[in-house]
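Asks: Line order of the protein sequences matches chains A and B. Mind the numbering: the first sequence is residues 0 to 348 in numbering that gives the first Met the number 0, read in order. Mind the numbering: the second sequence is residues 0 to 348 in numbering that gives the first Met the number 0, read in order.
Hints were generated in silico from the structure; no laboratory data involved. Hints are not guaranteed to be accurate.
What the hints assert, rightly or not - Label-pair ranges, simulated between beta-carbon atoms:
#, chain 1, residue 1, chain 2, residue 2, range
1, B, 30, A, 184, 50 to 60 Å
2, A, 154, B, 286, 40 to 50 Å
3, B, 54, A, 291, 32 to 42 Å
4, B, 176, A, 105, 20 to 30 Å
Cβ coordinates follow ideal geometry from the N, Cα and C atoms, glycine included.
What follows is the residue order along each chain.
2 protein chains.
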Amino acid sequence: MAKEQAVVLEQLDRSALRGDRPEKAQAALEQVPRLEEDLIQLEAALVRATEDAEETLQAAARHLVSAGGKRIRPMVTLLACGACAGDPKSAIPYAVAAELTHSATLLHDDVIDDGPMRRGQPASRVLWGNAVSVLSGDWLLTRALEIVAAAPARSAALPSLLSTMRRLVEGEVLQLSLRGRFEASEQDYFDVVKGKTASLFGWSAAAGAWAAGSRGEVPEALVVFGEGIGTAFQLVDDALDYDADEQKLGKRLGIDLLEGKATLPLIRACEADATLAPRLLRLIAGDGAIDELVSDVLAAVKRTGAVEEARASAREHTAAAMAALERVPDGVHRRAMAEAARQLTERAF
Amino acid sequence: MAKEQAVVLEQLDRSALRGDRPEKAQAALEQVPRLEEDLIQLEAALVRATEDAEETLQAAARHLVSAGGKRIRPMVTLLACGACAGDPKSAIPYAVAAELTHSATLLHDDVIDDGPMRRGQPASRVLWGNAVSVLSGDWLLTRALEIVAAAPARSAALPSLLSTMRRLVEGEVLQLSLRGRFEASEQDYFDVVKGKTASLFGWSAAAGAWAAGSRGEVPEALVVFGEGIGTAFQLVDDALDYDADEQKLGKRLGIDLLEGKATLPLIRACEADATLAPRLLRLIAGDGAIDELVSDVLAAVKRTGAVEEARASAREHTAAAMAALERVPDGVHRRAMAEAARQLTERAF
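Next up, chain A with everything else stripped away, as it sits in the complex:
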């Protein structure tokens, strides 16, 4: 084991692996034999995956891949593999690829989103950040694919990961083209979510089944399950941007609004309250005190009930995911997936 890897594993407090999880999900996860050991193996594999990268790349990649992330996608991969009676160790390459792909999209998102949001910062820092973000993202994408290309179930997983990556990009592009267009349709919104979030959740779930040697109906059901919880996850994320405890959330509310993102709460609120559109135009034009305009819009959106509607939509997508899960063999793994999905939907931060 490389020295650096040993250090990371030493620092990794085992109890921290379950730190953030709500009680019920935690109880279900504890029923899964050897899950904690598998998660530690996953952390070690994540460290190994980037250890031959050049220093700067490694720093940027590690920053995101570092221990302590939520690891939702790789956890789904490991549980899906167990549900299909596979050895979760065989799913670790796919779990790693899922997390690296997710990190790569975050790095590229940084370049895409940061422009208007970081105007106050020195240009050189933003530019240096852009170059390293683009290249580290590229590096992680190719590394994720290399790992899958070298794994045993590659014939199912590799073409599928490629089309997933394309869908991720297409979701981002659609989101970009809708920026500032608050009259976007719900269909547009769900197309963005399916691409940028649901697709990788779907792949992560199916990859666990492929790793277990499962083909046909079960991995297909897991794609539906993964895409369902991915969609629900994004809906909750978008609702939280309008209505959350800022301290628990760890970031300010209204960020989507400032980035001109037409998420479901805003789309629904604009339908319900005709006075919102002109206020949004003032916000985009920077016509007035931004902080006041943002609180004003946040309050107006909440008054329409649109945030609760987004949460209700999340519950519907979770229910569809649960229905798909019925086609996956029952057992501790499936129950853990179901409980974790429920908790992801009900989370308050």
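Could you slot chain B onto chain A? The hints should help.
Replies: Quick look at chain B alone, frame taken from chain A:
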């Protein structure tokens, strides 16, 4: 055939396909049966490869992939396939992947390089450009891989394209880390070139052989050939930045200098003329009239003979490429590759 594709093919003046080539190379290429038809097929396949992309992506991708590019990499793929007695049509997917990969790196380079060079432009345009450049580059990379993953010789070509993409990124990262460090070593310079340029030339050549069903020594020799001419190509490019007819080159001289790129002419010149380093420091610091400082440094570099040394190094790498080509079956295809390689090395723009 899609309407847009038909339009592109109509616009494509067949004679333009050979417009820029020096006479000798053109004569050798004309000995290759059906090459012109294969190149037209290639153009059509390039159009098809992006026709299902979202509008903005397509525009950005087409801008680079549009008819009229030099098509050096895909041409090498087609000729290598012919040399191995394959039907060049079977090499078209690989030729397309090579060109899309090249275009993707140009799109990402744009984000990496454009910072300091485009300061005078409105920030919003630069930022919008960044987002679209990152996403179109990502899209083209995944599309290139999807095309190879769906092609018959994928088992050899796909893992190799993945590691090529990683090497491209690693070359760019190394170049970035050396920016402004004019005391870089020649080894550093060649490591950058091997990664960012030679690797894809090597893959492009070998992919032609793989498409023809060739395995073992011949594709290995073609990797060496491709990497050799790729290195020579980059050396000539870097020499031309110091000494070319600006009008024929189609861009200003000294761009590498302004971007802080320590290419071989500059590294050699700094070794030969100790007064250069302080002038470069003034240039980086923007201390003085930039245009005058640039002409001063360009003239000083030329006086040391470093530009001719870079051209001599290009000739050495071409010679090594030619030696490798001896292991490839002789015939019109191999002779066309040899002649094209020679002309790439001797080009004056």
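Asks: A separate judgement is required for each hint: does it hold in the structure or not?
Replies: Structure-based check of each hint:
1. Taking the beta carbon of each, residue 30 (chain B) and residue 184 (chain A) are about 58 Å apart, inside 50 to 60 Å as hinted.
2. Checked against the given bound of 40 to 50 Å, the beta carbons of residue 154 (chain A) and residue 286 (chain B), roughly 59 Å apart, lie outside it.
3. At roughly 37 Å, the beta-carbon separation of residue 54 (chain B) and residue 291 (chain A) lies within the given 32 to 42 Å, and the hint holds.
4. A hinted range of 20 to 30 Å holds for the C-beta pair residue 176 (chain B) and residue 105 (chain A), which are about 22 Å apart.
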